[in-house]
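Enquirer: Got two chains here, each in a separate frame; can you build the complex from them with the hints?
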Amino acid sequence: MPLSRKTASLFQRRSANGHEKVIWASLLSCALISILTTVGIIVVLLGNAVYSPGKSTAFFEEVSVWEFFTDTHWKPAERHSGTELSDSATGKPAGHFGILPLLSGTMMVALVGSMVGVPIGLGAAIYLSEYASPKERDVLKPVLEILAGIPTVVYGFFGLHFITPWILQPVLKHVFGIEIGVFNVTSAGIVVGIMVTPMIASLSEDVLRSVPRSLREAAYALGSTRFDVSMRVVVPAALSGILAAFLLAFSRAIGETMAVTIAGGHKIMLTANPLAEVQTMTAYMVHQSFGDNSASSIQYKSIYAVGLALFSMTLVINIASQWVLRRFREVYQ
Amino acid sequence: MSTSVSEVLPTNSDEVLSVAASVNFISGSSPAMRRRLLFSRVFAWTCRLATYSALGMLVALLASIFISCAGRLSLDFVRSVNSVDPQEAGILAGLWGTFWLISLTGMMAVPLGVGSAVYLEEYAADSFLNRLIKVNLSNLAGVPSIVYGMLGLTVFVRMFDLFEKPLIISVPGLIRIPLPLGDKVLAGAMTMTLVILPIVIIASQEALRAVPSSIRMASLALGATRWQTIRHQVLPAALPGIVTGVILAISRAIGETAPLIMIGALTVARFCPAGIDSPMKLLTQPHRILQAPLDQFTAMPIEIFHWAKQPGDDFRPVAASGIVVLLMVLLLFNGIAVWIRYRASRGVRW
Chain A
1 MPLSRKTASL FQRRSANGHE KVIWASLLSC ALISILTTVG IIVVLLGNAV
51 YSPGKSTAFF EEVSVWEFFT DTHWKPAERH SGTELSDSAT GKPAGHFGIL
101 PLLSGTMMVA LVGSMVGVPI GLGAAIYLSE YASPKERDVL KPVLEILAGI
151 PTVVYGFFGL HFITPWILQP VLKHVFGIEI GVFNVTSAGI VVGIMVTPMI
201 ASLSEDVLRS VPRSLREAAY ALGSTRFDVS MRVVVPAALS GILAAFLLAF
251 SRAIGETMAV TIAGGHKIML TANPLAEVQT MTAYMVHQSF GDNSASSIQY
301 KSIYAVGLAL FSMTLVINIA SQWVLRRFRE VYQ
Chain B
1 MSTSVSEVLP TNSDEVLSVA ASVNFISGSS PAMRRRLLFS RVFAWTCRLA
51 TYSALGMLVA LLASIFISCA GRLSLDFVRS VNSVDPQEAG ILAGLWGTFW
101 LISLTGMMAV PLGVGSAVYL EEYAADSFLN RLIKVNLSNL AGVPSIVYGM
151 LGLTVFVRMF DLFEKPLIIS VPGLIRIPLP LGDKVLAGAM TMTLVILPIV
201 IIASQEALRA VPSSIRMASL ALGATRWQTI RHQVLPAALP GIVTGVILAI
251 SRAIGETAPL IMIGALTVAR FCPAGIDSPM KLLTQPHRIL QAPLDQFTAM
301 PIEIFHWAKQ PGDDFRPVAA SGIVVLLMVL LLFNGIAVWI RYRASRGVRW
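Residue numbers (our numbering), protein chains in the order written: chain A, 1 to 333; chain B, 1 to 350.
Pairs of lysine-lysine, DSSO-like flavour, derived with a Cα cap of 30 Å: (1) Lys-173(A) to Lys-309(B); (2) Lys-267(A) to Lys-75(A); (3) Lys-173(A) to Lys-267(A); (4) Lys-55(A) to Lys-165(B); (5) Lys-309(B) to Lys-267(A); (6) Lys-309(B) to Lys-75(A); (7) Lys-21(A) to Lys-134(B); (8) Lys-75(A) to Lys-55(A); (9) Lys-134(B) to Lys-141(A).
Label-pair ranges, simulated between beta-carbon atoms: (10) Met-107(B) to Met-115(A): 36 to 44 Å; (11) Arg-288(B) to Arg-209(A): 47 to 55 Å; (12) Leu-132(B) to Glu-67(A): 32 to 40 Å; (13) Val-171(A) to Phe-128(B): 55 to 63 Å; (14) Asp-206(A) to Ser-103(B): 33 to 41 Å; (15) Lys-75(A) to Leu-179(B): 31 to 39 Å; (16) Glu-217(A) to Leu-239(B): 35 to 43 Å; (17) Asn-130(B) to Val-316(A): 18 to 26 Å.
Calculated from the structure, these hints are not laboratory results.
Keep in mind it's a predicted model, so treat the numbers as computed, not measured.
Don't be surprised by glycine CBs; every beta carbon is placed ideally from N, CA and C.
For reference, chain B alone in the conformation it holds in the complex (with noise of 0.2 Å):
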């Protein structure tokens, strides 16, 4: 008799519970009543196996990459380049790929991302232009990122073919510019930024939209103009859901794949952009720093797809292994998130 109780009624309602539980008004010996019950018992634990069924998808994904990479993994693995032979190859090329085309789409995406929504959620007024951006916006986070790639082609990296022959712009001993750009990391940048660019604004709209408006009527009514009141209360409040979301959308831009490859980028690369292939020699040889937004470049999530592919199983432990590179990384910069999430929530001001 318990046992129908509780399957009937909700077992997080505890008020309802008891009211219903005193009335007393279920009949179980019914034969009716008992099949719908155990009907309903049964699309419980129907849909409770299936809610465990996507945990135990991650388990055996996990799983299969652990086991494959057993063996291959190693320190030799993040410290060498691609190689043709699967015990050779390593991860440092896309590593150095990724680390560039991350820090150029961090720098662009994230000031254009918070700009747009610092006026779509703070300036804006309900005009048209306005509307058709918010509608657009929400376009735009459904297009596939292959098409991003086939603007990213067409636009940066062959600026519509407008020009004859590669032109150069060159300050020489510091920076040469080809244009059009080809398949250089800034070109892949740009085009990842164009990607994550409605991610990091509608996390960024959110997170200006939980800043209470009383903060804002308080920095105006002491006489503060617009932007100092977004500059000084606004922005400050949102920093911790505005850092979260970045976070979240570089992660995204971290695995993004297909984009790369539609705009060239190489697969199979033996040197690091402009030959960094060290932290040290970013201290070192500073000039080179310049230079590597304009070298080629493969990724991480390249580098993957490529031994992924490769026929046969010998470069199945070398593509788990750089799954699991790929994954540390992403682990960590998920990691950031929640610790700033946590700091963010302890030290709430209102």
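With the rest of the complex left out, here is chain A (with noise of 0.2 Å):
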């Protein structure tokens, strides 16, 4: 709780000796590093991807940001000792860099993770907030915790030897008749669809019950059932942050990493079918850097890319959701 500005005054004026200025300073820069951090993010992203101040070329410089959002292939060659990579009539280095197939990885995994995330997220904390009695929210509010607080590589073991072998391939094979691959980003988004489960029940449980106990009231008042009073009144009224979580939830499924590397796989194409294997923009910047790249080498800077496309993509969405929980929010008194 910050003091009064008067109070603050007060002992500014007792304060105002150079101990307690070091001190002052000192925090201050212990808390101007979150600024540097970001600062740092932007530079290093900008300064590979985009210009280079220095004598080696940024990604861009090399790669026409045309190309990047529009080659349906995202071919980076790979490196043979010896051998030279660009093409030496044009310049260009070869291979194609166009971001979709990364991308429709990255959105296929996130699309499935939400339809898994969504209603077992928002169902639960509907049950939370509405139906469940204070002991039984005290038994599974830990259980939730403790889903959130498992590592993502536990998640990705899960999806690939669990999920796949287990669910998912008897499933389609006996009841569709398809077999499908170890990898499949089905499975990776189960696995990210549960990861992302707690914290989208937790948010929205938490402005669920922030709505005012006197609308309830006054519903059943009206003659509600419970479902007319959860779904018709206490959801639209805290709707804007059940989508400002939804959004988050997302935003994690795209920078999600480890569990899509594991168990969505390493094939890079354009496709629309959810039983495929795929890689998304997390999982090639992870299998790059396993790569013996040079640090100069076009596939070392396309890491660059595709991490500033994955920063501004969850920056937009994380500042939507502020967006949204602000602008369309109920204020009850």
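Expert: Structure representation (structure tokens):
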């Protein structure tokens, strides 16, 4: 709780000695590190992807932005020792650098994840806020927190070694007669969905519970059933917070790395088939960093371009989420 | 009739229930009303199902891991380093790598995070800079961790490629600091510090905000300076909350993998940083402690990732065993947090 201006100024005078100033300055410099981090991220990404001030060239100085957004192939040529990579006639690096295949992979995983996480998360939030007894809530909430605290590599293992072989493959084979590979979008999406469920549930439950009780009582007095109260009164009243939670979860799903790298696979292709193997933007970054490409190679720089795209997407969604929260908030006294 | 009353009204608002029951305004006989009630009950069960399916997933997750690790997890698993033979592979190198990584991360993230929180909660006036810091903080918390990995790779590991050839600052017999840092524990810890800093700051801010301002007023009224008030009154009062937040942030760092892979931490390491492979060596060979932060490393989640990615089923039990060890470490940390919260809730001072 910040002190009132009057009290603060009162003892600003008292503390106007060097010692207190040193402490103030060092605490401020701690706080400035977070600003420095943001600046650092932007400088690093732009400096390697868009414009490089040094003698090395940035990614977009070699690959056109047009190609990046419209080419439907992402094929950074494999580096062979001794062979020249760039096409000598045009000076352009060999290979294709269209982000669409990676983007489609990311989006498909995030969409499958939302299809799993949104209904379960919202259902759990409504149940916890409107139906569960306090005792039940005391048990269920920590369980959801455990789900949120499990590292993402563990979810990757779960997707690759449980969901695909024990659920997806048998079900698809016996019910639909479809064979699928060990890596697929669906298993990656399902684990991402499980991962964002607790986040959606706890953020949504907070806003549902903050809807004043008088609204519920008024609805009951008008003869509403509990469904009417939950879905026609409480959820609409908390809609801005719920939408903000969905957006945050979506941004988290886009940035999710380890689970999709383990369960999603390596194949880079533009597809809308949720049973196919795909590589997401994050998985691409991980795979590239395992390769021993030199820092001046276009493959290495492509990580920064993909990273920049990823950072921009999550930033836009996060800002949108904050905007939704502010813009559509219902204020109750 | 009684079932429809309990369906229409929330069971946990007893006073409403009693009033409604005495009025008895519900006509369960009308078919439209019955349909609405049935629908409402189906909805309630759907929500309950959603909640318990989340619980079911946790059970399935843990069960699949424990079943997979059966027969592989033994004491030898935590005593040996990685190997190409699934029967020989162990997690010792990852355990020590994580130990050094997390110790250093804690040493950097805690002072920086708590310091920032104290500044934001206790000092910051409503100026442009401070508003910028606060807005920036909430955005930083949403940045994917892999992006921090790229920051760490460029700034700490490669140091913007400013050094034409590697430079080594060495104090003979004591320490050798390579510049640029390279894929060393220290670079990993600095990166991880940035990853968890927003979490530490936000948790500490909440803990500081929960301290009643009357405590500050009383201290100031007795003539304490601002820093004396914070140091002797506010921080001790907020400590349980801060510690809980810090432990949760550290648990996040223990499981975080992507930034470490981005900075180039080893995937297959058969040695522990500075060769310290048992707690005894920390005591018997203390001169190695300074060298450990500047050695190459791997970490538990990286090894798990490596094993989980191996084709075929040979390494599945190894990965599962690694996950069990990782979850045990996390359980230990979270147990400490719960215990602190419990202790603090009993010893409330006001």
